[in-house]
Structure formats: structure tokens, C-alpha cells
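Assemble the whole structure, with the sequences as input and the hints as a guide.
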Amino acid sequence: MQLFKQFGFNPRSDLGQNFLIDINLIEFAVRAADITKEDVVLEVGTGTGGMTTFLAEEAGKVISVEIDRNMFALATAATEHCDNVTLINQDILKNKNTIAPEITELLTKLMDEQPESDLKLVANLPYSVATPVISNLVASDLPWQKMVCTIQLELGEKMIAEPGSSNYGALSVWMQSQCNVKILRRLGPKVFWPRPGVDSAIISIWRHDRRGDRIIDKKFFLDFLRRMFHHRRKLMRSVLVRMYSKQLSKPEVDELIQQQELDLETRAEALDVLTLVKLGNRFCEAIRAKE
Numbered sequence: 001m002q003l004f005k006q007f008g009f010n011p012r013s014d015l016g017q018n019f020l021i022d023i024n025l026i027e028f029a030v031r032a033a034d035i036t037k038e039d040v041v042l043e044v045g046t047g048t049g050g051m052t053t054f055l056a057e058e059a060g061k062v063i064s065v066e067i068d069r070n071m072f073a074l075a076t077a078a079t080e081h082c083d084n085v086t087l088i089n090q091d092i093l094k095n096k097n098t099i100a101p102e103i104t105e106l107l108t109k110l111m112d113e114q115p116e117s118d119l120k121l122v123a124n125l126p127y128s129v130a131t132p133v134i135s136n137l138v139a140s141d142l143p144w145q146k147m148v149c150t151i152q153l154e155l156g157e158k159m160i161a162e163p164g165s166s167n168y169g170a171l172s173v174w175m176q177s178q179c180n181v182k183i184l185r186r187l188g189p190k191v192f193w194p195r196p197g198v199d200s201a202i203i204s205i206w207r208h209d210r211r212g213d214r215i216i217d218k219k220f221f222l223d224f225l226r227r228m229f230h231h232r233r234k235l236m237r238s239v240l241v242r243m244y245s246k247q248l249s250k251p252e253v254d255e256l257i258q259q260q261e262l263d264l265e266t267r268a269e270a271l272d273v274l275t276l277v278k279l280g281n282r283f284c285e286a287i288r289a290k291e
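Numbering-wise (UniProt numbering), the sequence shown opens with residue 1 and increments by one.
Derived by calculation from the structure, the hints in this document are not laboratory data. Careful: at least some of the hints might be erroneous.
Simulated crosslink set (DSSO-like; lysine-lysine; CA at most 27 angstroms straight-line) [stated by the list, open to error]:
#1 K234 / K219
#2 K109 / K218
#3 K246 / K96
#4 K219 / K190
#5 K96 / K218
#6 K182 / K278
#7 K246 / K234
#8 K109 / K94
#9 K219 / K96
#10 K250 / K278
#11 K234 / K250
#12 K278 / K290
#13 K218 / K246
#14 K218 / K278
#15 K290 / K218
#16 K246 / K278
#17 K218 / K234
#18 K182 / K218
#19 K290 / K246
#20 K290 / K219
#21 K109 / K37
#22 K219 / K94
#23 K109 / K96
#24 K219 / K278
#25 K218 / K37
#26 K218 / K250
#27 K234 / K96
#28 K182 / K219
#29 K218 / K94
Quick list of the computed label-pair ranges, beta carbon to beta carbon [stated by the list, open to error]:
#30 K290 / D83: 51 to 61 angstroms
#31 E57 / Q145: 15 to 25 angstroms
#32 G164 / E57: 24 to 34 angstroms
#33 A77 / R227: 43 to 53 angstroms
#34 T266 / R12: 43 to 53 angstroms
#35 K94 / K278: 42 to 52 angstroms
#36 S165 / D22: 44 to 54 angstroms
#37 K109 / D22: 28 to 38 angstroms
#38 N97 / E38: 49 to 59 angstroms
#39 D209 / E255: 24 to 34 angstroms
Keep in mind it's a predicted model, so treat the numbers as computed, not measured. Beta carbons: idealized from backbone N, C-alpha and C, even for Gly.
What follows is the structure in C-alpha cells.
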């Protein structure tokens, strides 16, 4: 807070800036990532560089991305003694569905040069980009292994939600189909500045390749989930008929559903993760066969 007063800066709510000010929690998050000197760590939302300096002590290389020019200036000063830190002043996202290609290319190059390294995301993620950063990193070809992030508690609860619950949706299935997700600690507003109007959580996400390998086409599956759960209360059959009306007839849709031994009256929110993976794969194969 003193830094902000000194330089006349104010946190930007439009960028979801709520800074984690409890040093013990910053250290907890860094420890939870099990970082080694072989690791490449991606941080999104450098802020003043408070977490960045802790990451630099543990990691082989830290790539930290900050969109705010004022925060970038503060972080540059805070990390000037850290030879293994690269700060980047830009948006982490090209759009809501894609990590910025410059970041992807840099991380890919680093991982190609250091094939023995693990790529990890460790960050106090700005609320405004938490969902697209995490989901797009999972969707990318980057060889990430683990994420430890501070996010809204509600978002974390969506990631671990079970079928039939109010929080269960596309994000739940997307994450659980490829990852192990765990809420490590719940955080109240007082450990942030400015204090957010919601509770937060530190979560850990582990890559689970055997699960991810079951998905034929990740891009297709993510789109499949988003469209299915956009109409979560409607009957699955009617949603799928509408989704693929240009590629598949109603009888073909019915057959694909029944091949999975599913009732035509089922809703997407009632289906477990593995069932949705199998169903998505069948529709992907059927549509590819038409091309």
C-alpha cells in the first residue's frame, strides 16, 4: 500500500487487481507448487513483484506477465536483482479462448531447450482472467505439469463440482477430464488489498495425461461442453440436434446418444465426466466422417 501512495497509483478494478498481502500465504502457495531449480514458472499478474521474488528463489526460470504498465514498473524495480526473471508487459490472452502466441512461443522455446524441466503456473491470478488463463492453458499444447493459483472460491468450487450440483458445468467437466483439482486453502477478503467482495481460494491443479489422452480432439470437446452446458436445463437430445443440425440428422443424433446407453430425456448436468468425454468423442468422430 505504501508503494501505491508513494507513486500515486491505484488498483484497477477493471483488471481484477486485488493484491495478496499476507506473506505467509504467498510462501504457502510457492511451497505448494513443489518448485525446483529445474522448473520454468509462469506467473500471470506480476503486480508489485511480491510473489515473483519468492518464485525466483526457487525456480530455474520465471516468466511473469503483467498487463498494467504501472505495476510493470514497480515489479521491474522489485526484481532487478533477480537474474532468472523475465518480465513481460502485455496481456496474457490473445482473446478469451487463446493464450497470447508470443507467450506460448517463448515458453515452448524454453521447454524445448530444457526438456528435463517442468512448466508450472504459480500466480495470484487477477479475477478477471482466472477462468480463461487456466482453461486455455489446459487446452494448449504447452507441457505444463502443475498449477497453484489464487482465484475466487466460487471458481474453485465449480472446478471440483459433481454431477447434478448447481456448480457443475462445462468448466467442471473440462478440468476434471484432464486434471486433478484440489482446494488447498480458503481465503477471506482481509488477506487482500483492496479487499474483494468475495472469498478466494488457493487451488492446486495437476496434469493427468491418462485422462486427457481419452479426448480425441480437445478443441472440439471444449466447444461441445460450452454449448451443451449453455442450455444445461434443456434435454440433451434437443440441444445436440440444434448444435449439429447442419452435420447430423435427428435419427443420427438419437443413435449416437443411444450407443452410449443414455436416455434421450437426459440433461447434460446429470452426466458424469467420463460419460461426457465418451459422448463428445462419438460426436467428434461422426462429424469428421461427414467431412
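Checked hints:
| no. | hint | result |
| --- | --- | --- |
| 1 | K234 / K219 | holds, 23 angstroms |
| 2 | K109 / K218 | holds, 23 angstroms |
| 3 | K246 / K96 | holds, 26 angstroms |
| 4 | K219 / K190 | violated, 39 angstroms |
| 5 | K96 / K218 | holds, 16 angstroms |
| 6 | K182 / K278 | holds, 24 angstroms |
| 7 | K246 / K234 | holds, 20 angstroms |
| 8 | K109 / K94 | holds, 19 angstroms |
| 9 | K219 / K96 | holds, 14 angstroms |
| 10 | K250 / K278 | holds, 19 angstroms |
| 11 | K234 / K250 | holds, 16 angstroms |
| 12 | K278 / K290 | holds, 19 angstroms |
| 13 | K218 / K246 | holds, 21 angstroms |
| 14 | K218 / K278 | holds, 13 angstroms |
| 15 | K290 / K218 | holds, 19 angstroms |
| 16 | K246 / K278 | holds, 22 angstroms |
| 17 | K218 / K234 | holds, 24 angstroms |
| 18 | K182 / K218 | holds, 22 angstroms |
| 19 | K290 / K246 | holds, 10 angstroms |
| 20 | K290 / K219 | holds, 18 angstroms |
| 21 | K109 / K37 | holds, 18 angstroms |
| 22 | K219 / K94 | holds, 16 angstroms |
| 23 | K109 / K96 | holds, 23 angstroms |
| 24 | K219 / K278 | holds, 15 angstroms |
| 25 | K218 / K37 | violated, 31 angstroms |
| 26 | K218 / K250 | holds, 25 angstroms |
| 27 | K234 / K96 | holds, 26 angstroms |
| 28 | K182 / K219 | holds, 24 angstroms |
| 29 | K218 / K94 | holds, 19 angstroms |
| 30 | K290 / D83: 51 to 61 angstroms | holds, 55 angstroms |
| 31 | E57 / Q145: 15 to 25 angstroms | holds, 20 angstroms |
| 32 | G164 / E57: 24 to 34 angstroms | violated, 44 angstroms |
| 33 | A77 / R227: 43 to 53 angstroms | holds, 46 angstroms |
| 34 | T266 / R12: 43 to 53 angstroms | holds, 44 angstroms |
| 35 | K94 / K278: 42 to 52 angstroms | violated, 31 angstroms |
| 36 | S165 / D22: 44 to 54 angstroms | violated, 30 angstroms |
| 37 | K109 / D22: 28 to 38 angstroms | holds, 35 angstroms |
| 38 | N97 / E38: 49 to 59 angstroms | violated, 31 angstroms |
| 39 | D209 / E255: 24 to 34 angstroms | holds, 31 angstroms |
In this structure, the earlier hints numbered 4, 25, 32, 35, 36, 38 are contradicted, and the remaining ones agree with it.
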